[in-house]
Every structure is written in structure tokens, then in C-alpha cells.
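Residue numbering for the sequence shown follows full-length UniProt numbering, starting at 1 and increasing by one per position.
FYI, nobody ran anything at the bench for these hints, they're computed from the structure. Check the hints yourself; a few may be wrong.
Said to hold, decoys possible - Below, simulated DSSO-like cross-link-like pairs (lysine-lysine); rule was C-alpha separation at most 30 Å, straight line:
1) 253 / 215
2) 261 / 292
3) 215 / 228
4) 215 / 195
5) 89 / 140
6) 89 / 215
7) 261 / 140
8) 40 / 15
9) 215 / 233
10) 40 / 89
11) 195 / 40
The model shown is predicted, which means the values in this text are computed figures rather than measured ones.
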Amino acid sequence: MGEYVNISGREFPIKIIVYVILILLVIIAIFTSFFTVDAKEESVITRLGRYNRTVGAGFHWKLPLGIEKNYNVPTQEIQNMTFGFRTEKAGIVTVYSDRDYSSESIMLTGDLNIVDVEWIIQYRINDPRAWLFNVEDRTKTIRDISQSVINQLVGDRAILDVISTDRPEIEIQAQELMNDIFTQYNLGIRITTVKLQNVGPPSGEVKDAFEDVNKAEQDMNRLINEGKEAYNKEIPKAEGEAQRIIQEAEGYKAERINRAKGEANRFLSVLTEYRKAPDITRARLYYETLEKILANRDTLDIIDSNLENFLPLKEVGKNIGGTR
């Protein structure tokens, strides 16, 4: 009776039960002694809960029955985290979550404006042992540090710089600062990319006011450009007109000077002749003056103040011409 065991109303020999148990233990030992590691992974092996070793890709052996355990870590895979939004389905047409994550993305700028900054970080695990054992809540730690760094960098800048010119600089500095902090925490990861996505004023009255300011600035720039265009158009025209007037004045000046010089030279020549023969010169000047006065004066009548009628000079001239 001692060599049998009653199981569910049936008796089984103890030897058979022992053999079955041994066989099961061997099978379990075989299945728990081997494991595989993917090409993109590294595996951390613990012995009785304590770190023992790290192995790479391939087929490996370990102590069975839970004495050693393996933890495969995707060290060659680039992982993402998003802030201010979530992606529900990636693909040709990306589907984003409708939930509000503004608590992550709303922050204060250096000029005391509110801005909504959405960003993505990409990282790779470079130390699987540190990744598994050094930090309890790895995801929360990464998110908290990333938010702290972006808030710091945005808080050092004006809102217009954050939205436009300083975006590449913020991405570079954020990557460097995050890596420095993660190294201090010995988290076992390396940030490969920080990419700002949608950056702008938050929705609502702030966004509407900001858009009004941008529109006003665009109108101002447009008016300035139109003014410069009109300036560039009118100034050359005015300068050309001024040059024309100056040239005409110079021509008139030269003409007046030359005419004055000619008159002066003529006067000097007359003066010279007058000094040589005053009477003759005086008479010549008198006749020349009369000639200028009487030139082209066919209807001119000369009246002698001592006579009561006109002198018949015209008739005399005609008669003389007729006699010839």
C-alpha cells in the first residue's frame, strides 16, 4: 500500500509519479534554459534578481527554473515621445488624438507672452542595464526633463523669436541639455532628435489678438515697402528734372555772359572809335539808332512841329523813284 498513491480515487505507483515529475522538471528546465535576442536588442541577465551580464543578438543559454532571467531591451530602435499632442494612427494620413494636452505645451515666453509649443523627441537606449535598474519611472522622468528644458529655453526668448528665427537654435540646445541631464541621471538613453512642431499663440482670444498684431505688422511692412517703391520711383525723376533745370540755367547763364561780353566788347570798340573821331562816331551812332527805330516802318509819318502839315517825304521818295 505504501508504494501507491491514491489520486482522484485511483492508485498510481510512487515510482511512476516521481518519473513523471522528473520528466516535467527536465522539460521545464530545457524550455527555461534558452532564449533568443533580436538583432535590434540586447538582453540583460539577472541571477536571483541581481545583475549578472548583458548579451547581444542570437541564441543564448541561462540557468533554468527562474534562477536566471533575461530582459530584452530594444537598444537599436529609435523611440519617440510627443508633447502637446498624441498620434493615434501613423501612416500616409496621420490621425491625431482629439484629447487636450495643452498642459504640456502652454508656456510663458521671456517677454511675458503665452505660447503653445508642440514638439517631438527621439531617443535610443545605449545602456540597457542603466535603463532597467537606475530609474523607477523611466517614461515620467523623460517627459518631465524634456518639458523642463523646453520651458527653460522658451522662457529665455521673446515670442516672435520662438515662433520664427530661434526654432532651430532651440532644437539644438534642447538636445544638448537633455543629454547632459540624462547622463547625470544615468538613465541609459541618448536623445537623437528634438523637433518643434506647431508653435504659436494658444487658441482663443490670445490667438485672435496675436493674429491681429501680425496682420497690423504685415500692413505696416506693406505700406513701408510701397512708400520705398514710390520714393525710388519719384526721387530719380525729381533728380533728372533738377539736372535738366540746372543745365538750362547753366546754358542761359553762359548765353547771358557771352552776350554781355559781346556787348561790352562792342561798346569798347565804339569807345575807341569815338575817342579817335568823336563827331563822326556820334553822328554814326545817331544814324544807326534812327535806322533801328525806323526799320520796317513803312507807315511812319514824320511831323515837323514848326509846320502845319505833314512833310511830303513819302511822295518825294516816290517821285524820285519814278523819275528814275
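These are the hints, each one checked on the structure:
Our distance criterion of 30 Å between C-alpha atoms is broken by residue 253 and residue 215, whose separation comes to about 56 Å. As the CA atoms of residue 261 and residue 292 are separated by approximately 22 Å, the hinted pair is consistent with the 30 Å bound. Our distance criterion of 30 Å between C-alpha atoms is met by residue 215 and residue 228, whose separation comes to about 20 Å. The straight-line distance between the Cα atoms of residue 215 and residue 195 is roughly 27 Å, inside the 30 Å bound, and the hint therefore holds.
Proposed proximity of residue 89 and residue 140 is supported: the alpha carbons are some 22 Å apart, at most 30 Å. The straight-line distance between the Cα atoms of residue 89 and residue 215 is roughly 35 Å, outside the 30 Å bound, and the hint therefore fails. Annotation: proposed proximity of residue 261 to residue 140 is violated, straight-line Cα distance about 101 Å (limit 30 Å). Taken as a hint, the residue 40 and residue 15 pair is broken in the structure, with Cα atoms around 47 Å apart against an allowance of 30 Å.
Proposed proximity of residue 215 and residue 233 is supported: the alpha carbons are some 27 Å apart, at most 30 Å. Our distance criterion of 30 Å between C-alpha atoms is met by residue 40 and residue 89, whose separation comes to about 23 Å. Of the supplied pair hints, the one linking residue 195 and residue 40 holds, its CA atoms being roughly 24 Å apart against a limit of 30 Å.
Hint compliance for this structure: hints 1, 6, 7, 8 are not met, and every other hint is.
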